[in-house]
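K.L.:
Sequence:
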Amino acid sequence: MSNKTKPSEEQLKYASVLQTISLGGLALLVFGFFVYLSGLLPTLVPVNEIPEYWGMRVHDFVEKTGMPTGWDWVPLLNHGDIVSFLGIILLAAGTLVCFAVILPDFIRKKDTPFAIIVIVQILILLLAASGFITGGH
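With our numbering, the residue at position 68 of the sequence shown is 68, and numbering never jumps.
Just so you know, not all the hints are guaranteed correct.
[What the hints assert, rightly or not] Derived Cβ-Cβ restraints for the label pairs, each shown as a range: (1) 93 to 58: 21 to 29 Å; (2) 11 to 52: 40 to 48 Å; (3) 77 to 18: 22 to 30 Å.
Everything labelled a hint here was simulated from the structure, so no lab data went into it.
Glycine included, each C-beta is placed from N, C-alpha and C at the ideal position.
When you get a sec, could you build the whole thing from the sequences and use the hints?
P.N.:
Rendered as structure tokens:
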């Protein structure tokens, strides 16, 4: 393999971290699904009522079930149907974590253009996740 096609140290680190996050997110999704189905925790939407909501629009579903929107799910982590959100959050945050891991490498190498690009991407992802611009998700 020539140097032109060989992945950089940063690419390998990014891929390694992303793989770990992906596996962790999948494990949390499976765990959350088990918690939901097992009834270990109370739920906002009981498992046996799920078919009633399948065809609903999101707005109607949220209105009828009281399911949280935006960051309102955080205080509800003591509910079985909310626990699986942790896996979704981990998967959604994967890119942000990967960028945070490789940023020190670019800074150490004094690769200013890439360091600036990564910093800007991190800031944009944090701003988007905050819901500050749109008032929440």
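K.L.:
Each hint should be assessed against the structure and marked as holding or not.
P.N.:
Verification of the hints:
| no. | hint | in the structure |
| --- | --- | --- |
| 1 | 93 to 58: 21 to 29 Å | 22 Å, holds |
| 2 | 11 to 52: 40 to 48 Å | 47 Å, holds |
| 3 | 77 to 18: 22 to 30 Å | 25 Å, holds |
Against the hints set out earlier in the document, no violation occurs for any number.
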